[in-house]
Amino acid sequence: MNPVTDIYRRLHAATRREPLLPVLLVLLLALSVTYHGFASVTNFRNIAVQASPLIIAAVGMTYVIMTAGIDLSVGSMLFLAAAIESSHPVVGLPTAAVFAVICATGVGMGLVNGLAVALTRVPALIVTLATMQVFRGAGGHITGQQNINLPANLRGIGTGSLLGAPTPILLAAAVALSGGFVFSRSTFGRYIQAVGSSADAAVNAGLPTRRVIAGAYALAGLLAAVASLTETARLGTVQPSIGQGYELTVITAVVLGGTSLFGGRGSIGGAVLGALILTTVQTGLVFSGTSPYVFDIVRGGVLLAAVLAAGARWRNLAQAAGLVSRLVTRGTDGPTA
Amino acid sequence: MPDGELTVASQAPAIAVANVSKSFGGITAVDSVSFVVSSGEVVALAGENGAGKSTIKNIISGTLRPDSGQVSFGGAPAAEGVGGAKHSGVATVHQETSLFPDLTVAENILIDRLRAPGRATVQPGRLRRAAAPVLRRVGAGFGPEMVVRDLSAGQRQLVEIAKALAADPRAIVFDEPTASLNLAERELIMRIVEQLRADGVAVLYISHYLEEIARLSQRVVVMRDGHVVADRPTSELDRGTLESLMVGRELAQGYPTLPRPGNTRRLSVRDLGDGGRVSGVSFDIAEGEIFGLAGLMGSGRTEVARAIFGLAGNIGHIEVNGGRLRRGSVRACIAAGMAFVTEDRRHEGLFLDRPIRESLSIVALDSVRRYRRTGWLDNGCERRMTEDLASKVHLVARGGLGADGGSLSGGNQQKIVLGKWLVSPPRVIILDEPTRGIDVGAKAEIHRLLVGLAQAGSSILLISSEMEEVLGLSHRIGVMHDGRLAGVLDRSQATQETVIRLATGGSQ
Amino acid sequence: MEGSATEPSTASGAGIARPARLAWLRDPARRPGWFADLAMLPALILLILVLSVLTDGLLTSSNLINVLSQSAVVGIAAIGATFVILTGGIDLSTGSVIGASGVAGAWIITSTGNLAAGIAAGLVTGTVIGLVTGVIVATLNVVPFAVTLAALYVVSGCTTLLSHGRTIAPMPAGFISFSIDGPGGVPYAVWLAGVLYVIAQTVLTRTAWGRRVVHVGANVDVARISGVDVVRTRTSAYLVAGLFSAIAGMTLTSGLAGAGASMGSPLLLNIVGAVVLGGTSLSGGRGSLLRTGIGVLFLGFLSNGMSLLGLQDYDQQMVTGSFIFLAASADGLLRWRR
Amino acid sequence: MTEHHRKKPKGVIVRTSGVAWCVTMVAAASLGLVACSSSANSGSAGGGSTAGKKYTIGVSFDLLNAIRQAEKSSIQSAAQAAGYSVVFDVADQDAQKQASQIQDLIQTQKVNAVIVIAQDGQQIAASASLAKAHKVPFLAIDRSIADQQDVTFQITGDPVADGKAVASQFLAAKTRPLKVLELVGGLTDQNAIGRRDGFNAALAGQPGVTIVSQVPTDWNPTEALNGTSNALQKDPAINAIYIPSDFLLPSVQSALTAAGRLAPIGNPKHVFMVTIDGDQNGCKAMQAKTLDADIATPVADFGKQAIAAITSARGGKAVTPKAVEAKGLILDQANYAATSGQVWGCASS
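Residue numbers (my numbering), protein chains in the order written: chain S, 12 to 348; chain P, 264 to 771; chain D, 14 to 351; chain H, 1417 to 1765.
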């Protein structure tokens, strides 16, 4: 087996597992060709740094969506963690202590979601819709809606660099790798997919479904806090508008990555690639200098394309085309047909 | 009858149920049930649907807590929850497969032992190596790396049994393991049960098939309406008494006499296929004729039925009453007067959490309109239509037609799935395993209904894995083998042997 | 678990076995369907009582009219959202459609000065967006959450692009009066919302289409096999949602005497929250417009009461969030406890 | 036959409403608690309508951030001085919510005057005419209202003028040619549109000053940070940035430090920056000489002149001039020592 075919085989296996890999490469290539400033190490480093918080939050969200749940409160958790980080007693602590406190807060917030979803039969969408407003309100209470600047040591996480690479990238890479490892190689990861795949079978098999679900949301809370650490460190200040609408961006990245919203099927690698693609598109738009209004349209279009590609099986598409034409010819005869 | 005297082990019985009771929302499901299963013994648990067999199974397996009474394994009282049963070596094979569609076969089988003791992580390779021998033991023809979503119903049942055997338990509870299996696979399961008994494992075998009970069990526990009505050695019970014990009244023996079929061709199918394994199937059904479709599990019978009704691939040419049918659309089939009774009544038959009235009136909803063109519904007319349908199929609904579909027993649910098509007499009725998993009494009623419909002129396509039922009810029997129609036998030539020969690929 | 209704021992005799002891409240068969829909009414009444004690001036007629007119827009859009949720889907794009239809209508009104043409344009815009979303969800069998999320971005982006982010104003006096004055001091918009609720509830319970919407949500396979045109029912549900969002958009434009691209986006949370608060189940197949109406009023009185209490902005968010969870868990707690 | 596990509950009506009843009781109790605690610290009379007692002013802001807090305290201090009490609402950038809140203030809480920062200049017209109908003075600060007829008094910044003022700073800049990165606030926010259009109009056709890229931020600090670093990456020759509001300044500063371009004036790598509003960050940046100019919003005037207008309106006198356009106070390196005292950001820092 000469090395070339070996590399080709492994690449082929990788693309079969992660269909998004070629899409990202083609996108980067196209942008590098069209815009001269794009194809430079600093730019790729920039994209990676900007994508890091999204990657970290997307890994947590993938675990939640894998259990056939959803977490709308990730944006508000980001803000509350930042608020607590900038609040009086915590901001004075040494960096390691702050890091520990914020991670503990994250797990606490995640557990609030997890226990509510696991113990009561309230659908995850509603639990997190409620906690989204509760966390946002709590954060506002703590910061009193002021802009609070962070001391230098806390900003180090965002702007410092370790072993030559910016810390956010290292953090994101660590979270992605450990997330993937835990998912495929730990019983918790297997149980997550099992619970999402069929809740009844999980009860029958005696799996600790409630603990698994609570664990998934706790993990999502922890990663939201870690994402908040990197995000606020880069921003330098804590402001009331942090994390607003962030949950929709994170969900877009996870759905782009091929994770099914019905639960059971998905991949951590997909979420990471989804986040990178979204950030690359955002950067590409700045480079292309198109009018600012177009940003939302492009983001919606990318999500729609990903969903159509993943959701519709091609046979189904042909059948759908036939149906649509028949639907149109017969004319929609209104609701009282 | 199993030979050799009973070697009942001396020490405490493997499974002991001591006057267990359980009720749901005021209605008692089981009331002070007691019996024991010692190791090295197969105890059959028989009873009509709704007699409480599944409740007992769930209590033993730990998914349900009894209101009163006690379950103990090998003398020690059962711990709380599903884990309790597992720790004391009791495995359960559920009838509704409890598998994870998105996980691999190996992960499903070893779901509660994913990590080897002392190892920190899960090794997929080790899982596959551990699962392969168990799969071979149940004779599964597929590998441990397959994803369960891609397996057929029969294959999933084999994985379910392999999962129970993997824990090499001291006692196993089988809940109708052979319901969706064909003859060859059923034979394999029975041999496994006999092997388990020889190895000293205690087996509680829940089944509707009286011949299986007769062959496998030493003792039979018969339940009716939540009580144990008999707990006697199998040798003392012949088929007739067993049936009457279960139903509590005399059962009309045999099948109703068949009317003479008409000669005008009602349904003609030409080289039908679903784009997959099934192809080239052609047959005709005359007016008032019952055409049975037999064959091994996975031979494509369900696919044929679904292809005709537009639910699966649309290759081939179908004519109803001479009119060509536009393929691939359920609504066109219904417009042409066809009806389809689905195999999986709980998920495709009726609404479990909507009133029964809505499940009954859904097909003919347009005929219940008050004013011709508008969509307005006339409640009074709908109530009259549904009550007349319910009486036509002898539906017994304790809470009236407003109660939810889920509150009914299996037999009554099946009557609804059939009843909703009978507003106007259908020209063609396709039935896919109409009497699977329902009790003897309800089964007889459905047989009478089918024959009545045939008399009224509808032509019926009956698919059933129960050889006795297909032979008893059909004018002609088509036998499927590996996706092809192996042959069509007339009622006179059709016997169990000839059908089996065709079903297993032999010549006519 | 055995079916709770064990078959009576003697299965003799056809026909419906009359339930033995008939407590009118306990027997679901005899109780009219809409009674169960009032599950959240005691909660609403209690909330109003508590708020009227804590603040004064809540129960004055002018404040009651204010609450109704303030809840009219969310109420009308919630009708469409209810139909979509009943089919088992969800429509995140309702906020953007409110903005889009408002801007389209306002643009036609200001450029041509013809009120009727403007309103028609707004309604057509919303309905077309609903149809496109519905076709994608129904025919390509794609997850509604993701499709409507994409629609949210695309629609708001296009509206902002076409209107260059500017608010289109002023509106003709006749159009503004639609949401201010009306018979008995109650604005026409509130009467419109009330009439729409009555029509929608009747259509849902008394027409074949309404029955089919619920059946597609309860169990799509049973519906498909029983001859329900699942694709058309789902598509028409999103079309109706688009229409109601458009009506809400025009009402909001008249209320604010101008239309802005992002005027609708903050309303999405209230619309979905109100539908769920009322008790319509997110998995589809269970719910009604009566429940949604109660949910809308609940949120309306809650936010009105809190602003009268002078609660800080972030405290209001916390209270609203906990109320949505508590009301939803009232139903959930029941199932969990059993 | 195993039963479907998640069986629909035997939802007997008595039990459902029973649970709903007790759950709402708990929630109502918590609401009462929050209400008491919050009314204690918001200073306004505890929810009771203010008939007969102190003259009450109802205030409705579009959102709550640093500059709004400053405006809130300026109103509160001026009102305290004049003996008025203040009831305070925030509309979370939702025009309809703002209209509802103003309706509640006027009709239910029966406030004697209303001060508003409008989420949208045109869409606030309905509330203004409501106030006029109830003969309640309707004042607007910071953001102008399009249709003046129902407004008693208005003291606003002038976004277009602020944009022009920033442009004049760019024209006065010594380094040539200026390649400008223009950050845009909310795409649908009339204030941001005014500041952008004023700036673009003033720079149109000017030699030596070109806007190389426009980056939308939707008033979101993260998008400002990422947008700036991407723009710097795309066009390293950028040597001037227009920041429509100070609260985005920290993000731009982080992006510049990451690109190694944050340097005080005089250092060749210095990027010419001008911003608006004059908050604490702006003032600090002026001291550190990394910021070239800041068009400070006269927050203190807003509070004082609004309360003064109310007092005169209360006395029956017509308020003249009806609309005051308080141009931004230009604070640049030259007049820093003299004017920094009047800038609200520097006063409190």
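It cannot be assumed that every hint is accurate.
Unchecked claim - Pairs of lysine to aspartate or glutamate residues, derived as EDC-like cross-links and limited to a Cα-Cα distance of at most 20 Å, are as follows:
(1) Lys1548(H) <-> Asp69(D)
(2) Lys1738(H) <-> Asp1563(H)
(3) Lys706(P) <-> Asp607(P)
(4) Lys1733(H) <-> Asp1574(H)
(5) Lys1580(H) <-> Asp1563(H)
(6) Lys349(P) <-> Asp413(P)
(7) Lys1720(H) <-> Asp1563(H)
(8) Lys706(P) <-> Asp745(P)
(9) Lys1526(H) <-> Asp69(D)
(10) Lys1551(H) <-> Asp194(D)
(11) Lys1733(H) <-> Asp1748(H)
(12) Lys1743(H) <-> Glu1639(H)
(13) Lys1580(H) <-> Asp1748(H)
(14) Lys349(P) <-> Asp211(S)
(15) Lys1470(H) <-> Asp194(D)
Said to hold, decoys possible - Footprint (simulated), chain D over chain P, 3 or more residues, beta carbon under 8 Å:
(16) 605 to 615
(17) 637 to 643
Said to hold, decoys possible - Reference listing, derived: stretches of chain D covered by chain P, where coverage requires no fewer than 3 residues with Cβ under 8 Å from a Cβ of chain P:
(18) 203 to 209
(19) 224 to 237
Since the hints were derived computationally from the structure, they do not count as laboratory data.
All C-beta atoms, glycine included, are put in the ideal place defined by N, C-alpha and C.
### Message
When the structure is checked against the list of hints, which entries are broken? Sort them ascending.
### Response
1, 4, 5, 6, 7, 8, 11, 12, 15 and 18
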